[in-house]
Amino acid sequence: MRVVLRVLAGPAGALVLAFVLAAVAMLIAGVNPVDGFGALFAGSLGGRRPIAETLVQTTALLFPALGVSLAFRAGLFNIGAEGQLLMGGLLAGAVGAHFAGPGWLVIPVLLLLGMVGGGIWGGIAGWLRARFNASEIISTLMLNFIALSLAGYLVAGPLKSPLASGAETAPLLPNGWLPAFPSIGSLSFGDTRLTISILIAIATAIVLSFVFTRTVFGYELRAAGEAPEAARRSGINMPRMTLIALALSGAVAGLGGAAIVTGVLHRFNTALSPGYGYTAIAVALVGDLNPLWVCIAAFGFGILEAGGLAMQANAGVPKDAIHVIEGLIVLVLAARRYFATRASGAPV
Amino acid sequence: MLGREPRKGMLVDVDAARSRVAELAERNGLAIDPDALVEELPIGVQQRVELLRELEREPSVLLLDEPTAALAPAEIATLFATVVQLAKRGTAIMVVTHKLQEVIDYTTRVSVMRHGKIVARYLTTETTTDEIARAMVGGELPQVAQREVTGTQPCLSVRDVSAGADTTTVTHLSFEVSAGEIVGIAGVEGNGQTALADAIAGMIPYAGAIELDGSTDALKHRENIGIVPQDRHHEGLVLNWSIVENAILGRQNLPGIRKGALTNWTAARADAEAIIERFDVRAASADVPVRTLSGGNQQKLLVGRALLGDPRFVLAYQPTRGIDVGAAALVQSRLIEARNRGSAILLISFELDEILALADRVLVMFRGKITGSFSGAEIDRGKIGRLMAGLT
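So the sequence lines, in the order shown, correspond to chains A and B.
For the first sequence, position 319 matches number 1581 in the numbering used here, and the numbering has no gaps at all.
For the second sequence, position 188 matches number 1214 in the numbering used here, and the numbering has no gaps at all.
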C-alpha cells in the first residue's frame, strides 16, 4: 500500500491519475475509454507518420516551454509565450517572404529574427517590470492580445500576400525552408512535416541546461528566482536581471515561432499557434522547469496534441477532451506540490 | 486586549481598554503607547506588548520563551522585577533563555536542556554560570581566541551618514573602524542598526560618505567585504540550494569562482568544505539543501562565508543569533581571529554580553544616533546599559 501511494505521489502517478479521471470523463460522455485512448495512441505513436506529427507538435511546444521555464526559474511568471511566439514568427515570416539568398544564410537569419521578435516582446514586459514594477503576469498576458491583433492586422493589410485568399504573408522562398528531418536507415521523413527544428529545440534545451547549471549568469538567474532579497544582497542587479530574463525567455519562444514559419507553414499567419504558448506553461511546469525534463514533458503533450485529432476522427471524442486531460495533469501536479509543501511543514 | 476585550454591550469599550493598557504598562514598568500600531513598533517594544497582554490575564502559570532577546538591560531589569513580583504572589513561572546571567540573577531552579533532553538540574543558589555553560555544551566551553595587538590603520570610515525611513533611521552618523579592530554597536533593536547596516552594504540610499580605505568604490568590490546579514533566511541564504551553491552567493563574480562565463564549481566546493570544516557546520554533505540544516548551522555557514578569504572589512549583524553557547564561542573565536589577521569588523549586536566579549571599541546607538563611545578600560557595562535605554 505504501509503495503504491509513493508511486502515485510521483509525477508518473499524476499522469496515471489524470488519465483515470479522463477515462471517467469519457465514460460520462458515452465513449468507451479503451476506444478513446486507443485512437489517441494510434494517432500519435502508431507508425511513422503519426510519430512524425507527434514530434512536430513536440517541437512547437518545446520552444515556448523552454522560454517559460527560463522566466519561471528567474521568478518571473511569463504568461506571454503565445505573443512572443507570434511576434517571432511574424518577423521571420515578414522578412522571409522577401529574403532571397543561400539557405545557409537565410535560415539562420530568419531564426535569429524570430529570437529578436520574441525577445523584444518579452523585453517590453521586462522593461515595464524593471522600470515601473508592473506585474509581468498582467503585462505578458496583455501583450499576447496586442501581438495577436497586431499580427492579424499586418497579415490582413500591409503584409498580406496579393496571391493568397486568406490573411497571410507571401510564402517563404524555398531557400528559407528548414530541411526535412534526416532519414534514419530506411526510415525517411521527407514526406512528413518533421524537420530539423526538433534538433534545434533539443539543442536549445541542452544549452539552457548548461547555462543554468554551469554559468555565473545562470547561477544569478536562479538566485533571483529562488530568493530575490538574498540575490539583491549578493550584488545582482535585479532590474537588469528581470529585463534580460524576460527578453531571453521571449527570444526562445520567438525562435519557436520562426521554427514553425520556416519548418511547417513556410509563411506566417495567425493560425501559427493554436495556443502553444499557453499549453507551454503546463509543459514547463510538468517538466519541473528543468530543460531536459521539459523535453520529455513536451513529448508527452505532443502525443496528446497529435493524438487528439485522431481521437476526434476515429473515436468521436472531441479534441477538447485533450485539453481536459492536459488540465487535469496540471491540476494533479499542482495539488501534489501543494500537499508535499504542506507535509514538509515548510512555509508556502 | 484580544480575547479579553472590555465590553459595552456589543461594542468594545476602547476607552476602558486604553486606560487598562496604560495602567498595566505603568504598574509593570514597561513603557508603551496604547494607541500605536503594533506592526510599526520595533521588535523590542512588540515584545513588551506581548508580555503585557499575558500579564493582564494574571495567569497562574507563566511561560516566557526568550523574553529579553530584544530588550535593553534596563528593561530586562524592570521586566524581571515584575516577573519576580508575580512569582512572589504565587505564579509559577518558567523562563526559557540562553542568557546565563539572567538565570543566575532571577531564577530559583535551573534545568539545562541539550538535544531535546534535560541533562542537568540545579538550585540556582548552588550553581554558577560556568557550571551551567559546561552542562549546555556537554564539556568544557571552547576558549574564545585571544586578541592580539594589531595596527590602527583606519579602514572603514562613515562620515555624517543619514539613511533610512520611518522608525529605523540613522542621522549624521560618523565613526571609523580600523584594520584589526572590532567596533561593536550596542543598542536595543530598532534604534537604526538596520539602516546603518543596509547603508554600508549599499542596499539603501544614504546621505554622507561611507568609504573603505578612502574610496567609495572599494566597498562595492566583493572581495573587500564580508557581510553577515540580519535575516539569514531572506537576505543571506537560498534555502533550496546546497551548501556548495550558497557558499559562493555574493562571491559568484570573484576571480577564482568565476572562470570566463562559467562558475568554477570545483573552487566553490572547496570553499564549502573549508567553511564546513572551520565552522563545524553539521551537515550530511556539502550537497544537502541548506533548508535541511538547523538554524545554528545555517548561521555558521553565513559567518563562514562572510569571513572567507579574509576580507578587508566585515559587517557582522547578530553573528551568533540563534545558536547555542558552544557554536557561539566558535563563531566569536573566528571573528577575533579574522580581526587578528587584520580585518576591520563592525559588530552589530543586541546582546551586550557579546559586544563586551568581542569589541575593542563600543559605540552606543540610540534612536539613530551614536550616544556614547568607549574603548579599552573605559568600557563600562553600567554606563553602556543606561545609554542603550536612552538615559544619561
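Keep in mind that the hints were calculated from the coordinates and are not lab data.
A hint or two may mislead.
Said to hold, decoys possible - Pair ranges (Cβ atoms, derived):
#1 B/E1299 x A/P1580: 43 to 49 angstroms
#2 A/N1395 x B/S1359: 52 to 58 angstroms
#3 A/A1597 x B/S1137: 42 to 48 angstroms
#4 B/T1117 x A/A1396: 33 to 39 angstroms
#5 A/S1397 x B/A1048: 42 to 48 angstroms
#6 B/R1160 x A/P1501: 49 to 55 angstroms
#7 A/A1597 x B/A1062: 57 to 63 angstroms
Unchecked claim - Which chain B residues face chain A? A few, computed with CB under 7 angstroms, are given here:
#8 S1137
#9 E1261
#10 G1276
#11 R1284
Claimed, not checked - One-sided and incomplete, this derived list gives chain A residues near chain B with beta-carbon spacing under 7 angstroms:
#12 N1395
#13 R1476
#14 V1478
#15 A1485
#16 G1487
#17 E1488
#18 A1489
#19 E1491
#20 N1499
#21 P1501
Keep in mind that this is a model prediction, so the values were computed, not measured.
Positions of the beta carbon are idealized from the N, C-alpha and C atoms, including for glycine.
For this session: Starting from the hint list further up, note which numbers the structure goes against and sort them upward.
Result: 1, 2, 4, 7, 8, 12, 16, 20, 21
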